[in-house]
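Chemist: Same order as they appear, the protein sequences are chains A and B. By the count of my numbering, the first sequence reaches residue 261 at its end, each step adding exactly one. By the count of my numbering, the second sequence reaches residue 678 at its end, each step adding exactly one.
Quick caveat, the hints were computed from the structure, so don't treat them as lab data. Careful, some of the hints might be misleading.
Unchecked claim - Calculated lysine-lysine pairs in the DSBU-like style (CA-CA distance at most 35 Å, straight line): (1) A/Lys231 with B/Lys554; (2) B/Lys316 with B/Lys502; (3) A/Lys88 with A/Lys117; (4) A/Lys62 with B/Lys458.
Letter by letter, the chains look like this.
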Amino acid sequence: MMNRREFCKKTMIVAGGLIIPLSALEVFNPKRLHAEKDGEGKVRWVFLVDVHKCVGCGFCVKACKIENDVTWDANVTRTWVERYVVTKDGQTLIDSPKGARDGFVTQKIDQASHGLKEVKPEEIAKGFFVPKLCNHCENPPCVQVCPVGATYQTGDGVVLVDRTWCIGCGYCVMGCPYGVRYFHPELHVAEKCTLCYHRLSQGMLSACVDACPFGARRVGNIRDPEDPVTKIITTEQVNVLKEEFGTKPQVFYLGSSREVK
Amino acid sequence: MVHGEAWTLKEFFVYPNEYIYWSIQIVMYPFMTGLVAGAFVLSSLYHVFGVKQLKDIARFSLVFSLALLPVAMMPLMLHLQQPQRGIYVMMTPHFTSAIAAFGIVFTTYGLLVASEIWFVYRQFIVETVLELRGKQQRSTVESAQLTLYSLLSMGAMDLSPEALHKDERAVGILAGIGIPIACFLHGYAGFIFGSVKANALWMTPLMPVIFICSAIVSGIALCIVTYIVTMEIRKLISKRKKKSTPRLPSTEELKSAEIQVVTITVKYLVMFLVLAITLELLDLIFRTYTAVKSWDILRSVIYERDFFKIFILQYGLGNLVPFIIFLRPGLTIRRALLGTLLVLMGVFMMRWNVVIGGQAFSASFSGFMDYHLPIWPGNVELFKEGLFGALTVITTPFVLFYLITRVLPVFGVKDSH
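Start from the sequences, fold in the hints, and give me the full structure.
Modeler: Below, the structure is given as structure tokens:
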């Protein structure tokens with residue numbers, strides 16, 4: 001015969017035992033996951049770069065490195081600025097020394113193992129700076145190729161990495177046509193721009209946007225028709241990078257040029 | 262230091278975060294899975310299609326593919342930045358990723374090879390158990406052997422002709438299912454590369470097929486090489502032991518059996534080699550002819566920077582020379598060995614040129630990256646992704662093969678197959 005005390009004990013064990021498998025059902029509830037991914041939210045973050053306004057000071061890169069604790073001297077960066085110099089004879093020279101962390105301090109163009117190349121001012125047809133960052137694509141190839149789902153897209157469109165789940169295979173690094181991903185030098189997991197999600201979700205702006213003295217970088221919500229960024233994207237001539245990959249990038253460029261890679 | 266910085270040399274403009282992230286171990290991965298698949302297909306030629314002349318090498322290559330199997334996973338584990346999390350691929354697979362199914366495909370294939378081997382060896386296992394049981398006095402080694410073989414027999418001790426016939430049918434069926442799975446295992450490795458749309462060199466639907474054909478070529482080549490080496494060792498042993506045990510096959514007998522097996526296997530090798538080269542050339546011609554946006558940079562990689570690796574080492578020494586060697590009449594063991602070694606080198610170079618070549622140019626199409634294989638293992642990363650890591654991967658299957666053949670001998674076993 002079972003007494004009351006024993007009965008209560010056993011009931012608790014059974015109930016406790018049942019919770020574990022049932023909670024698993026909750027975690028993997030596909031309907032909920034689906035709703036979270038495709039839910040018609042009120043926010044979809046996008047980014048706007050005005051190439052005309054960028055002077056290549058590199059404040060954005062500095063701010064990003066400090067804000068996001070990206071190893072200062074490591075030769076990787078979440079965002080960077082490229083300098084384009086097109087000569088009169090049609091040559092395009094590009095560089096981004098240290099991702100332009102310290103700006104462009106010399107007129108000579110960094111050609112990596114080929115050293116610095118000097119271009120005389122009278123030979124230059126045009127020159128401009130192009131800030132780059134993760135495009136937070138609508139159809140992100142990095143999310144598609146992650147074998148364990150450590151890279152994911154939030155409901156408001158930002159692509160993030162779960163550092164506790166990334167196995168470090170590098171497939172996402174290979175899958176990104178924009179070269180925005182790398183391995184964290186200390187944590188050894190995939191790393192990328194988060195659009196400063198920790199700031200956005202607190203009502204602040206991305207660190208690079210805050211740091212830009214010329215307003216060349218702006219972040220906005222494309223689902224809000226009153227957002228100034230949305231207004232520019234919907235009414236002016238904007239461009240995106242490498243559209244041919246079908247990634248539907250969400251970083252828009254004002255005044256971009258055909259030389260931009 | 263950032264992962265990849267130690268062995269990447271940048272030229273002109275390369276995006277700041279771009280490095281050669283997939284290095285020697287990712288070259289080893291398709292090379293090793295290719296060997297597994299190829300070895301299995303070779304054994305199936307006998308078991309499924311009844312190519313009688315391949316009987317001797319069929320058992321050999323089946324066991325060899327088992328020895329290669331765990332090694333196909335080794336380069337991946339050595340490459341992962343978080344190897345302790347590797348199991349997540351099995352636990353939480355994200356099925357939109359081409360890598361996610363790896364665990365499933367690999368496990369299925371492993372089980373299939375293991376069960377086929379079990380059916381092939383069941384008679385031998387049972388006979389060994391009966392023989393050991395019959396002994397009055399057993400040494401410690403023999404007792405251990407008895408336990409091991411009893412476990413391996415899994416209680417299926419029936420040796421009646423009907424039971425043996427059933428074994429034979431099971432082997433046929435498993436080998437039959439195994440061919441598409443082996444091709445899938447490797448075609449799938451090709452898909453992992455071929456589906457990377459960000460990489461201009463990798464992205465082609467031909468990649469899986471090219472990978473399968475070159476896999477079979479390399480698998481057969483490795484089986485021939487190992488077979489020849491094993492036979493040479495057997496010849497040496499038989500020469501030495503002839504006086505004490507006259508029952509052993511004579512050196513002459515071994516020699517004639519060896520050349521016969523090698524000649525017929527080489528024929529299949531040439532067949533798949535032709536197919537592999539045709540597909541690779543088709544890919545190259547198609548790219549040259551269509552000349553899409555990426556062609557400018559690809560052309561400078563293929564025809565200029567990697568010319569020696571692609572046209573001299575891979576196509577020249579790795580394909581053309583062995584082709585001539587094999588097709589000239591009167592094949593000798595020495596020539597066959599040279600040819601198959603060159604074929605193996607050629608397939609390895611093909612993997613190298615795909616994996617490293619695919620990262621030899623920047624996604625900006627405005628610069629190049631040069632790969633310097635780390636030789637001296639100064640730290641764990643340089644060991645894992647360097648020459649010594651690769652050598653560890655290459656030598657492991659031979660050690661495993663040796664260990665497996667201590668339990669399941671590949672020569673001198675009589676069976677009904």
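Chemist: Now tell me if each hint is right for this structure.
Modeler: Hint check:
Distance hint between lysine 231 of chain A and lysine 554 of chain B is fulfilled; the C-alpha atoms sit about 33 Å from each other, no more than 35 Å. For the given pair, lysine 316 of chain B sits about 26 Å from lysine 502 of chain B by alpha-carbon distance, which is consistent with the 35 Å threshold. With a C-alpha separation of about 16 Å, the suggested pairing of lysine 88 of chain A with lysine 117 of chain A holds against the 35 Å cut-off. For the suggested pair lysine 62 of chain A and lysine 458 of chain B, the alpha carbons sit about 32 Å apart, so the restraint of at most 35 Å is met.
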